[in-house]
Amino acid sequence: MIQAVNISKSFGESEILNDVSLTFEKGKTNLIIGESGSGKTVLMKCLVGLYDVNKGSVEYDSRNISKMSFKEKRKIRKELGMLFQSGALFDSFNVEENVMFPLSMFTKKTYEEKLERVNFCLNRVNLENVNNLLPSELSGGMTKRVAIARAISLNPKYLFCDEPNSGLDPKTADVIDELISEITQEFKITTIINTHDMNSVLNIGDNIAFLYKGKLWWQGNKTEILKTDNNELNDFVFATELTKRLK
Amino acid sequence: MIKNIGRYMILMLETFRKPDKGSVFRKQLMREFKDLGIDSLGIVAIISVFMGAVVAIQTAYNIDSPLIPLSMVGFTTRQSIVLEFSPTIISLILAGKVGSRIASEIGTMRITEQIDALRIMGVNPANYLLLPKITAAMIINPVLIIISIVIGLFGGWLACVITGMVTPTDYIVGLRGWFEAFTIYYALIKTVVFAFIITSVSGYMGYYTKGGSLDVGTSSTKAVVYSSILIILFNLILTQMLLS
Ligand SMILES: Nc1ncnc2c1ncn2[C@@H]1O[C@H](COP(=O)(O)OP(=O)(O)OP(=O)(O)O)[C@@H](O)[C@H]1O
Ligand SMILES: [Mg+2]
Numbered sequence: 144m145i146q147a148v149n150i151s152k153s154f155g156e157s158e159i160l161n162d163v164s165l166t167f168e169k170g171k172t173n174l175i176i177g178e179s180g181s182g183k184t185v186l187m188k189c190l191v192g193l194y195d196v197n198k199g200s201v202e203y204d205s206r207n208i209s210k211m212s213f214k215e216k217r218k219i220r221k222e223l224g225m226l227f228q229s230g231a232l233f234d235s236f237n238v239e240e241n242v243m244f245p246l247s248m249f250t251k252k253t254y255e256e257k258l259e260r261v262n263f264c265l266n267r268v269n270l271e272n273v274n275n276l277l278p279s280e281l282s283g284g285m286t287k288r289v290a291i292a293r294a295i296s297l298n299p300k301y302l303f304c305d306e307p308n309s310g311l312d313p314k315t316a317d318v319i320d321e322l323i324s325e326i327t328q329e330f331k332i333t334t335i336i337n338t339h340d341m342n343s344v345l346n347i348g349d350n351i352a353f354l355y356k357g358k359l360w361w362q363g364n365k366t367e368i369l370k371t372d373n374n375e376l377n378d379f380v381f382a383t384e385l386t387k388r389l390k
Numbered sequence: 096m097i098k099n100i101g102r103y104m105i106l107m108l109e110t111f112r113k114p115d116k117g118s119v120f121r122k123q124l125m126r127e128f129k130d131l132g133i134d135s136l137g138i139v140a141i142i143s144v145f146m147g148a149v150v151a152i153q154t155a156y157n158i159d160s161p162l163i164p165l166s167m168v169g170f171t172t173r174q175s176i177v178l179e180f181s182p183t184i185i186s187l188i189l190a191g192k193v194g195s196r197i198a199s200e201i202g203t204m205r206i207t208e209q210i211d212a213l214r215i216m217g218v219n220p221a222n223y224l225l226l227p228k229i230t231a232a233m234i235i236n237p238v239l240i241i242i243s244i245v246i247g248l249f250g251g252w253l254a255c256v257i258t259g260m261v262t263p264t265d266y267i268v269g270l271r272g273w274f275e276a277f278t279i280y281y282a283l284i285k286t287v288v289f290a291f292i293i294t295s296v297s298g299y300m301g302y303y304t305k306g307g308s309l310d311v312g313t314s315s316t317k318a319v320v321y322s323s324i325l326i327i328l329f330n331l332i333l334t335q336m337l338l339s
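Sequence lines, in order, name chains S and Z. One point on numbering: in the working numbering, the residue at position 121 of the first sequence is 264, and numbering is uninterrupted. One point on numbering: in the working numbering, the residue at position 43 of the second sequence is 138, and numbering is uninterrupted.
Incorrect hints may have been included.
For the chain S half of the interface with chain Z, some residues (derived, Cβ under 10 angstroms), not all of them [said to hold, decoys possible]: (1) 191; (2) 198; (3) 225; (4) 231; (5) 245; (6) 248; (7) 258; (8) 293; (9) 294.
No wet-lab data here; the hints were simulated from the structure. All values derive from a computational prediction rather than experimental measurement. Beta carbons: idealized from backbone N, C-alpha and C, even for Gly.
Throw the hints in and build the complete structure from the sequences for me.
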């Protein structure tokens, strides 16, 4: 379980997050939704400690990372995996080396043991025979999947995904959603996903938080989101022809 | 300016820590020896041989008094190459070649969030990315400079043979005369300092890149400009300290 307690974050004069409090539960896919520019990525980077918050705190199972030393933070970081909006694969490494990287850095496994784990993770994201490809040789969907494989290679307790399916075709997007949701339940991970894709919301939204103008505007799950009378949220949810028809 | 110096210091403090994993560090170091050292051999050799030849010809041209023995050409060529041309000129060339490479590599990693990805994993990115490069350059550049000196002296000899302005025997007598080992130490000390400047300044420029691919280009240009200026500046400071 991860808790954000009264988080505020600004860059210079502009306030991006204003007093956001949220609880992300274990074994569930927790979604953060909101328009482009509403601060989803900033919130996620505050949660993982890439940005320091101006006010408030972030707690990982009651461990407050805002107050931690570098060493203590590292311990938590080894328990978390993150999928960046861009994938952020290391482009001088091939797929195998990318997924193996956390294992090489933080375990004493032999090459064979590591390779076994790498292939298990790649298998888990439905990738085969790609070990020797470089990131520049992968398609967008493959990049995201390799990035997921890398994020889960150390068996994380916490998984962060920043727009895991943006820029993908609807089918691949679905596959990735399913995948994240399965992994979450299977390994009892606390998963947090940023998205503005309504498909994902309706598919895997166990616990949804809607950000609007830097504030937490609404919270609920995938069935509640269709029945809400919150105007801003309705504008967001029923922005497309498809969702309008759903109504 | 003050802010940059402060950030640079902090980055260096983060860089000079014990690597997370010895085996990974050694592997990276080997890669950097190749990327920064062996891959630079060609350009170092070409520049050195021409540099040596030009210095020898210019010196011979300037000696027109019959009182000065022609072996002075060998002596002067050696002194110029050891004291200044090899360590400083080659380091400036390397600042261009290696500096832009390091800044763009690390700058690209920054804007594509690869550095954040490292941090998230619990890796210290400065230490992981910069320490192998800085260490490798400080070890391999002196080797490059020694090679450059040897090739430069050979270039001077070649010029003597081809132009006939000085006999090779005179040249060699000059090369071997009045030798002080300290000049070599001086050259190597300069080289090591310059290697640190090139890699750490370029690393710094890349590390704090903000924005997109255009900004990577800017960082890479800045890396070359700033490391060159610092090399020139430290050349003066070190010379003043060591030779006067
Ligand atoms: N490092 C930064 N410095 C200054 N401002 C920033 C920084 N990062 C983000 N912002 C600002 O914060 C706001 C929210 O950005 P953020 O990236 O969190 O949006 P988002 O909700 O993730 O959007 P998208 O769906 O397009 O990814 C934007 O207005 C952006 O300009
Ligand atoms: Mg975003």
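Here is how each hint holds up against the structure:
1. 191: 6 angstroms, holds
2. 198: Residue 198(S) check fails; min Cβ-Cβ to chain Z is 22 angstroms, beyond 10 angstroms.
3. 225: 5 angstroms, holds
4. 231: 4 angstroms, holds
5. 245: Nearest chain Z Cβ about 5 angstroms off; hint holds.
6. 248: 6 angstroms, holds
7. 258: 16 angstroms, violated
8. 293: For residue 293(S), the interface hint holds, since the closest Cβ of chain Z sits about 8 angstroms away, which is under 10 angstroms.
9. 294: Constraint on residue 294(S) satisfied, holds at 9 angstroms.
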